[in-house]
Amino acid sequence: MEDLIALAFTAFVVENIILTQFLGICPFIGVSTKRSSAVGMGSAVIFVMLISSTVTWVLYQHVLVTLNIEYMRTIMFILVIASLVQMVEIFLKKVSPPLYKALGIYLPLITTNCAILGLALININEGHSFVETVVYASFIGLGFFFVMYIFSMMREKINRAPVPKAFQGAPIALVVAAILAMIFSRFGGIV
Amino acid sequence: MNKRMTSGIVLLVLGLLCGILLAGVNAMTAPVIQERQLEKVNDTLEGFYDMSQYDVEIVDIKGDTIETAYVLDGKDSGTLDAVVYEASAYGYQSDVVLLIAINQDRTIHDYAVVSENETEGLGSDAVTHDFNLAGSSIDDLSEFDGIAGATITSDAVLACFEAVQDRVDEELGG
Amino acid sequence: MNVKKNFLKGIFEENQLFVALLGLCPALAITTTLENAIGMGMAVFFVLVFANIIVSLIMSNDKLAELVRPVRIPVFIVVIATLVTIVEMVMHAFLIDLYNSLGVFIPLIVVNCMILGRAEAFAAKNKPFDSLIDGAGMAVGYALGIMILGFFREVLGKGTLTIWGSLQVDFGFVFDFLGIEPLELFTSPVGAFMVLGFILAAVVAIAQHRKNKQASSKDVK
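In the order they appear, the protein sequences are chains G, F and P. Each residue of the first sequence is one higher than the last, beginning at 694 in the numbering used here. Each residue of the second sequence is one higher than the last, beginning at 1393 in the numbering used here. Each residue of the third sequence is one higher than the last, beginning at 484 in the numbering used here.
By construction, these hints were calculated from the structure, which means they are not laboratory data. The beta-carbon is built from N, C-alpha and C at its ideal position, and this holds for glycine as well. A hint or two may mislead.
Between beta-carbon pairs, the in silico distance windows are [as the list claims (entries may be wrong)]:
| hint | chain 1 | residue 1 | chain 2 | residue 2 | range |
| --- | --- | --- | --- | --- | --- |
| 1 | P | S543 | G | M847 | 41 to 49 Å |
| 2 | G | K794 | F | E1449 | 55 to 63 Å |
| 3 | F | G1565 | G | L792 | 53 to 61 Å |
If we strip away everything but chain G, and leave its shape as in the complex, we get:
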């Protein structure tokens, strides 16, 4: 249990997927201009990340390893993620239209979000057990949401600030992200 709590904390801040592992930078820069879109993207990622990580873990350990074709993992993972995203989309459309309305436009973008595939691969590379995979994936997702949310609040403020012309848009966003990364890099000392 203690191990799992440490793992959860590590996943949430110390190994924050955006700021220390550099995964999911595209949505981080691209969809963080407004708070509402950051929340939408963040929730969609938490959701898909958890499902895809567990499904790919099971498939890898019980199908690919058994058949001795581990080298097919990249192809299989990306196809699993793409079809999962489709299924989640169809499922949400039927079961909960309001939720679909909120997350709908972010779901297709998730297929090419490297955080999802990256996490599936990291779980395999690190040799996480099933329970560890579930915990790690949930907290990595939460960490993604958390950083997206903070960052979108900062960007809303920056949009109203007088930024030098050359720095407007992405450049200033990256510099702000650097400062945020500086704060997060200090969490490493806690665990």
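On the provided structure of chain G, position chains F and P as indicated by the hints.
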């Protein structure tokens, strides 16, 4: 023909083609990868045994802790003389990787920490630390002597030995 | 189509990293040394060029194109993933150090939006040869981009410049002369965001300057 069916077949055929292609590339690269893998640990193995006396067979285990076993067969006798296990366990901040050599009579011949990234000074002593196990039987780890002040790293090392204890029957027989 | 123009657009006006802001994840993650950037650049070059050729070959055959069209995105993804896996295996076998330092970012070339983007936006609509040139241009542009990042981060962060293996230039004497230490900050995530931010700003500033110049030269006429 049904449109959906056609699409499905197209994807299936493509998947098969790619699978065959990858299997081919894998067949070419896998032996090279294995050779490199052996090269990497060869120096450590030389420290344990006179490697010119043995034929080495690499067994991929892919367990949680033990990843690989190097089975050493005597060149003259052709019998299995020793097994070296490569085991890793998560320590304080990183994986601690050990090579543990077990003789045919189940005694621990020698061991070496080959890679760790633990805190400078404390856990990193693991590379030079004597865990007081060389010579004792793998079935009895009571002599294990951890590093004072680096409990988590020591536990990781012990976990590696315990995993070998559970595994050793597979190679050496019960 | 003009071959030279087709090639150069990927390096300058449509540079995938600095202008289109695609492929940011590996650009930030693996540019701690110039060597990594060169290795990543080569991997991306291989995948992008071959993906473009294969996609264009499939889509320029009318019968095949008709079969593939309803499922073209999955088909493209499978083609790209296969190429990436080949790169991964070959690197694992022959360039083990590079393989270890690029780590998870080699398989992640699959989800580099740039590659799927070029397949969909260019290769699916153009001839194989044009697609080859387009892919090569885009890949060279991207590789140059991450090499610039790697150059600044390694020189400022470590005081060295690793070109390939042991081929390394040591800038320690410059730091000694100035009486300062290389700032390790630049090899950390913080430095990655910072350096990319400043380079992007510089790119925007240069583009703007050129535009102004063109505008003023028109006024004179």
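Verification of the supplied hints:
no.	hint	verdict
1	P/S543 x G/M847: 41 to 49 Å	holds (47 Å)
2	G/K794 x F/E1449: 55 to 63 Å	holds (60 Å)
3	F/G1565 x G/L792: 53 to 61 Å	holds (58 Å)
Hint compliance for this structure: every hint is met.
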